[in-house]
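Those protein sequence lines, which keep their order, are chains A and U. Note that the first sequence covers residues 7 to 199 in the working numbering. Note that the second sequence covers residues 1219 to 1357 in the working numbering.
Think of the hints as simulated: they come from the structure by calculation, not from any bench. Bear in mind the structure is a predicted one, so any value in this text is a computation, not a measurement. Just to be clear, a hint being listed does not mean it is correct.
Quick list of in silico lysine-lysine cross-link-like pairs, DSS-like style, CA-CA up to 30 Å [to be verified]:
| # | chain 1 | residue 1 | chain 2 | residue 2 |
| --- | --- | --- | --- | --- |
| 1 | U | LYS1326 | A | LYS48 |
| 2 | A | LYS32 | U | LYS1262 |
| 3 | U | LYS1265 | A | LYS135 |
| 4 | A | LYS135 | A | LYS81 |
| 5 | A | LYS32 | U | LYS1323 |
| 6 | U | LYS1345 | U | LYS1326 |
| 7 | U | LYS1326 | U | LYS1338 |
| 8 | A | LYS150 | U | LYS1326 |
| 9 | U | LYS1312 | A | LYS165 |
| 10 | U | LYS1323 | U | LYS1345 |
| 11 | A | LYS32 | U | LYS1312 |
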Amino acid sequence: MNKFLMAGISVAFLAVSASGAFAQSKLSRNQIINSLQGAQQKVDVSADALQKAAFENIAKYPGANSPGNLPLWDKLASLRQFNIEINFDFDSARIRPESYEAVGLIADALHTPYLQGQTFYIVGHTDAKGARDYNLELSIKRAKAVREALVTTFQVPGKYLEAVGLGEEQLRDPAKPDAAINRRVQLINVGYR
Amino acid sequence: MRRLILGFTTGLLLLTAPAAFAQTVGFADAIKILSASCGKDIDKYCKSATLANNGIGQCLTQNQSKVSQKCNADRAVVASLIQERMAAQAAAPKVCANEARRLCKGVKAGAGHVLRCLLKAQRSVSKKCNTAIDLAGYR
Chain A
7 MNKFLMAGIS VAFLAVSASG AFAQSKLSRN QIINSLQGAQ QKVDVSADAL QKAAFENIAK
67 YPGANSPGNL PLWDKLASLR QFNIEINFDF DSARIRPESY EAVGLIADAL HTPYLQGQTF
127 YIVGHTDAKG ARDYNLELSI KRAKAVREAL VTTFQVPGKY LEAVGLGEEQ LRDPAKPDAA
187 INRRVQLINV GYR
Chain U
1219 MRRLILGFTT GLLLLTAPAA FAQTVGFADA IKILSASCGK DIDKYCKSAT LANNGIGQCL
1279 TQNQSKVSQK CNADRAVVAS LIQERMAAQA AAPKVCANEA RRLCKGVKAG AGHVLRCLLK
1339 AQRSVSKKCN TAIDLAGYR
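Please put together the full structure from these sequences, using the hints given.
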């Protein structure tokens, strides 16, 4: 397995030198560490409960858009966290090569003593374009793809990572539901479990 | 093969000059190196492969006979440098255990507190422990 491991890691340089990836190339491992370290409180929101809340939100408040914050969200909002843009192929969970380096930086951060031993939720979000249930399913697949990349290619112990997709149920900027700022992967430090 | 590897390692050290003595690499740097070496091959042979299940790595392995020599060689080297980093990270706490006891009395273990203390005390820390920290990529 280790033999082809690094093979996973490839195309990226092309992408880094391409214009679109400029913002990502400024990102550093220490920036991610600084945002995520220092877990304090105990959190009693499980990844499963959070995932379930997103499905229930759609069932309970059907319609074009989510009415607002998910019930469990307040408990997570104050935790150490970091938002990162990871690009995927259209309508797909395939991580685009220009984002490999960003995933690699997350891995490098998670491999330091500052973050080791703590559990992280990898939460995928979409913007509000398209159907809510479709977006929810897509975001679950994408969050799982990021987790899997970290666990396989980047050797982060899987027991510390849980993937959750929230679709468009928890927008970052509800005033602009279709804006790009809503499309992000959020890492949340839920502490020592 | 061994000659190739040595050749590449020298090149790599030049590439990563700022980290003068580090002979390991992290994942983000590894990507940068490999995208330069394997980018074209991936475009050609692995267009639909994913990072998620190690798919790109498996694809390059399956196409090993067609993939450029440089890509094959660099993959092997980078993989071993990554494994060395992982090993260094596992070893660092043991290598630095005495320093930690000596210089970081009362510092709570966990969450990187001891590492932070050792980084601050760099000048009083032994060469062996400082090197271990370098190789682990913790600087």
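Hint check results:
Simply put, LYS1326(U) and LYS48(A) have alpha-carbon atoms about 19 Å apart, close enough for the 30 Å limit, and the pair holds. In summary, the hint linking LYS32(A) to LYS1262(U) is supported, as the alpha carbons are separated by about 29 Å, within the 30 Å threshold. Distance restraint check for LYS1265(U) and LYS135(A): the Cα-Cα separation of roughly 27 Å lies within the 30 Å cut-off, and the hinted pair is therefore satisfied. Note on LYS135(A) and LYS81(A): the hinted pairing holds, with a Cα-Cα distance of about 27 Å set against a maximum of 30 Å.
Taken as a hint, the LYS32(A) and LYS1323(U) pair is broken in the structure, with Cα atoms around 37 Å apart against an allowance of 30 Å. The straight-line distance between the Cα atoms of LYS1345(U) and LYS1326(U) is roughly 23 Å, inside the 30 Å bound, and the hint therefore holds. A hinted pair counts as satisfied when its Cα atoms are at most 30 Å apart, and LYS1326(U) with LYS1338(U) qualifies at roughly 15 Å. Our distance criterion of 30 Å between C-alpha atoms is broken by LYS150(A) and LYS1326(U), whose separation comes to about 34 Å.
A C-alpha spacing of about 24 Å is found between LYS1312(U) and LYS165(A), which places the hinted pair at or below 30 Å, so the restraint holds. Proximity of LYS1323(U) to LYS1345(U) is assessed by CA-CA distance (about 20 Å); at most 30 Å being required, the pair is judged to hold. Proposed proximity of LYS32(A) and LYS1312(U) is contradicted: the alpha carbons are some 34 Å apart, above 30 Å.
Checked against the numbered hints given earlier, this structure breaks hints 5, 8, 11; the rest are met.
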